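Chain B is fixed; fit chain E onto it per the hints.
Just so you know, the sequences run in chain order B and E. Position in the first sequence (from 1) plus 221 gives the number in the numbering used here. Position in the second sequence (from 1) plus 221 gives the number in the numbering used here.
Errors might be hidden in some of the hints.
Each pair may be met inside one copy or between any two copies, as identical chains are not told apart.
What the hints assert, rightly or not - With a straight-line Cα cutoff of 27 angstroms, these simulated BS3-like cross-link-like pairs (lysine-lysine) come out:
(1) Lys609 - Lys411
(2) Lys609 - Lys452
(3) Lys452 - Lys530
(4) Lys291 - Lys575
(5) Lys334 - Lys575
If you're looking for bench data, these hints aren't it; they were derived computationally from the structure. None of these values were measured; they are calculated from a predicted model.
Protein chains: 2
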Amino acid sequence: VRFIILGAALLMAAAAGQPDDLRRTVNDYTAQHQQAIVDELTTLLAIPNVAADTPNIRRNAEHLQRLLTKHGWHADILETAGNPLVFAETPLQPSLPVVLFYAHYDGQPVDVKKWTQGDPWEPVTRGAGSETRIYARSASDDKAPIVALLAANDALQAAGLARRVNVKLILDGEEEASSPSLVPAIARYKDRLRADLMVILDGPGHPSGRPTIAYGARGIATVDLTVYGPKSGIHSGNYGNWIPNPAMRLATLIASMKDDTGRVTVPGYYDAVPALSADERAMLDAVPDESARMLSAFGVAAPEQAFPKLQYALQYPTLNVRGMVSSFVGENARTIIPDRATAALDIRLVKETKADDLIAKLRTHVERQGYHLVDADPDDVARATHPKLARLRLNGPILSAFRTAVDEPRARAVVAALTQVFGQPPVQLRTLGGTVPIAPFIDALGCPALLMPIVNFDNNQHEENENLRLASFFDGIVTIAAVLRQ
Amino acid sequence: VRFIILGAALLMAAAAGQPDDLRRTVNDYTAQHQQAIVDELTTLLAIPNVAADTPNIRRNAEHLQRLLTKHGWHADILETAGNPLVFAETPLQPSLPVVLFYAHYDGQPVDVKKWTQGDPWEPVTRGAGSETRIYARSASDDKAPIVALLAANDALQAAGLARRVNVKLILDGEEEASSPSLVPAIARYKDRLRADLMVILDGPGHPSGRPTIAYGARGIATVDLTVYGPKSGIHSGNYGNWIPNPAMRLATLIASMKDDTGRVTVPGYYDAVPALSADERAMLDAVPDESARMLSAFGVAAPEQAFPKLQYALQYPTLNVRGMVSSFVGENARTIIPDRATAALDIRLVKETKADDLIAKLRTHVERQGYHLVDADPDDVARATHPKLARLRLNGPILSAFRTAVDEPRARAVVAALTQVFGQPPVQLRTLGGTVPIAPFIDALGCPALLMPIVNFDNNQHEENENLRLASFFDGIVTIAAVLRQ
Chain B
222 VRFIILGAAL LMAAAAGQPD DLRRTVNDYT AQHQQAIVDE LTTLLAIPNV
272 AADTPNIRRN AEHLQRLLTK HGWHADILET AGNPLVFAET PLQPSLPVVL
322 FYAHYDGQPV DVKKWTQGDP WEPVTRGAGS ETRIYARSAS DDKAPIVALL
372 AANDALQAAG LARRVNVKLI LDGEEEASSP SLVPAIARYK DRLRADLMVI
422 LDGPGHPSGR PTIAYGARGI ATVDLTVYGP KSGIHSGNYG NWIPNPAMRL
472 ATLIASMKDD TGRVTVPGYY DAVPALSADE RAMLDAVPDE SARMLSAFGV
522 AAPEQAFPKL QYALQYPTLN VRGMVSSFVG ENARTIIPDR ATAALDIRLV
572 KETKADDLIA KLRTHVERQG YHLVDADPDD VARATHPKLA RLRLNGPILS
622 AFRTAVDEPR ARAVVAALTQ VFGQPPVQLR TLGGTVPIAP FIDALGCPAL
672 LMPIVNFDNN QHEENENLRL ASFFDGIVTI AAVLRQ
Chain E
222 VRFIILGAAL LMAAAAGQPD DLRRTVNDYT AQHQQAIVDE LTTLLAIPNV
272 AADTPNIRRN AEHLQRLLTK HGWHADILET AGNPLVFAET PLQPSLPVVL
322 FYAHYDGQPV DVKKWTQGDP WEPVTRGAGS ETRIYARSAS DDKAPIVALL
372 AANDALQAAG LARRVNVKLI LDGEEEASSP SLVPAIARYK DRLRADLMVI
422 LDGPGHPSGR PTIAYGARGI ATVDLTVYGP KSGIHSGNYG NWIPNPAMRL
472 ATLIASMKDD TGRVTVPGYY DAVPALSADE RAMLDAVPDE SARMLSAFGV
522 AAPEQAFPKL QYALQYPTLN VRGMVSSFVG ENARTIIPDR ATAALDIRLV
572 KETKADDLIA KLRTHVERQG YHLVDADPDD VARATHPKLA RLRLNGPILS
622 AFRTAVDEPR ARAVVAALTQ VFGQPPVQLR TLGGTVPIAP FIDALGCPAL
672 LMPIVNFDNN QHEENENLRL ASFFDGIVTI AAVLRQ
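If we strip away everything but chain B, and leave its shape as in the complex, we get:
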């Protein structure tokens, strides 16, 4: 109700000629230049861009450099140990703050057979009116935001409206391969990347279609928990009821980690998470509630009850069983007591919960259930000594969470600008539930960051028939223009 009133108030202001000016200005520009903008995008989409396809990645980078230059940006290719970065900036005004935009020009691998159009790098336009869409790999993820940024800047220039921020742009060529060269590149290019705010143009917008910003994203650590049984699988008839079953024990151990509401019962698991302030709660409550639609789409009657509202659930670390295996089920099942059982767990982190601390608490919890923890498959001595043997192993790197303070002045300026232009506040997500590989880059740069997804939520990202809804794209150009005019 609050937003309806607020919206109405701003619409009245809009009628008075104030907040909507920029929106109208940019929309007029894109309406006039629609064909040129779409052509620029489809030309870019026609260059294959799987991160491992080095020659085509280079073609993308060079094409982008030319495109940026043509639009009046100073553009360079920054070499790295992997795929090149493309860096660009507009002429800097020392008095203005610097916004560093991030996007990526590489895309997910494709399964050509699944694409209706055949070649995912021959863009096709289908649909009509507000549902006109361009189908191609990276149409939404993540080439459209690059072209949108160029168009937003052009629209302001064409209208004689000065930017109120300096603009830098960094384009990653390895995002879909976890951006291995991005953080190392900082050491080499730190001065050029310096900024007051980073804006990440990536990901799908909110289903409501309203402008969306996110202040952060959860991090992740993955661990494997293995409970050991006999040295090899043994006959379940000869020894059933006598030799302990590691799958049963793993089940009991996993079950001990959460209560029936889904709340983690590992002592201290949530200790580091600060209580939400009234403002924070108001922000979470203001996010449009899509839960009925989501539950229906997933075929789930009811969410867990520990955090029954999704936006609240995302503010806490998780303990998720992403996989669980002991011997076989189905055709290959054998009537044995298995030799081991493993659960693959993922722990989504929030900014205040450090992976090391949560894993240490998990270890302590497992030990308190009577387990002796080993660092490798147990030897005969360990087997003869400890009735309960388990291993908790951290996999791969920990990806950190990030979250920009909601009261960060640069973030407030963006929200104010979007509120003014669109007549209502953007959808503001305190944190995304998922993990963005760019988090270590944000950490390393050390400036506040916002995620600003501008493409349609139903873009089939990472899958076949990835698409961009043009109406969302043109709205996104307005959104970016608002940031430039904040």
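Below, chain E alone, put in the same frame as chain B:
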């Protein structure tokens, strides 16, 4: 201690010339005819015998018919819908009870690469003295008992000792393929198979090397328990802490089925199992305790505590997790909330616990944990209606348990004969933990049955380098002779 005294008493009797006569008589015979007996066995072992190898199966059957005839048995090939049975009998004396021996002439498939000798059907003798062994497929499982029975009968005849039972023999050609033609054959050949006691010559003897009989074996039913999550795996970051995780729920459900001692907590699970009598307990306690050796071999520090002694554990039905799978662990693991989690369970049955009853109790237990049970993957309506969805599915046929009463007179006569010949009672197992596919055949024949395994316990049954320890084999000939002279 009791057995040491008993053994000493009998050894004194043996010194007096009484109980050991038969043992010496048979041992003298086999010592004299050792080469011929071993040649008969190796000739038989040289015929490949995988159940699916129809031409060689037929060669086995015809060879066995000739062999039995040569030894004075009346032998026939009994055709079935599958592989032929070989049936034989000695001339019947109407006044004597009939013992029907069962063995099988088919063997497990082979992985030739793993066999030291190359061809598993080219028998090889290795080792020396009491550790001389013949290596070949079916050396122990289950061709040796066939040749042992012939030799035992020949030894009695050579010594002029009349059999005190009539002897029939049925040889199965599909045991390793679950004996599909055996029960149907009864309808056709019931009169010929009629007997007062069935003795199953199969399986490995007790590690102590003492003669072994078992009165029964557990049955088995296998069920799959699936807990459903979202329709397909969904992003564990975007929805973790909110959409319920089926692997976690399966773990909790499985964990609810047993306590920490390994005792099944599904209400009524053990209700049908009668209390053990003092005699039965004495019998279980008399089985030599091999637990330290077993635990060491399996690399397990301690057994479950619900039934800490193995022989007691085998008297109860099990609820064993033979496999458990949800999505993936390891390289293929993905950070998702899986769409489902399945546990493959096997339930070992004892004679008094019927599979239908245990499964019904399991269903009720699952429902009491809040689950709605479906008979197939749930549709959208079921998904929208029930927060907790699971499926409990019976796989394949139920194999029944069997157990001959310990006080069955025919069984007592066998025990008395073995006690007399060997100077101490045989190892008597109230029930084997595993399941024998012959149980439905025993049921259908309707006569009491004993399992009498005569080969070495370490014969590598079903695996590469299957072998027969000749010393055990010759002891087994004495054991069978004792049954014929009971």
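Hints, one by one, checked against the model:
| no. | hint | in the structure |
| --- | --- | --- |
| 1 | Lys609 - Lys411 | neither (51 angstroms within a copy, 52 angstroms between copies) |
| 2 | Lys609 - Lys452 | within (13 angstroms within a copy, 36 angstroms between copies) |
| 3 | Lys452 - Lys530 | between (45 angstroms within a copy, 20 angstroms between copies) |
| 4 | Lys291 - Lys575 | neither (45 angstroms within a copy, 81 angstroms between copies) |
| 5 | Lys334 - Lys575 | neither (42 angstroms within a copy, 51 angstroms between copies) |
The structure does not agree with the numbered hints 1, 4 and 5 stated previously, though it agrees with the rest.
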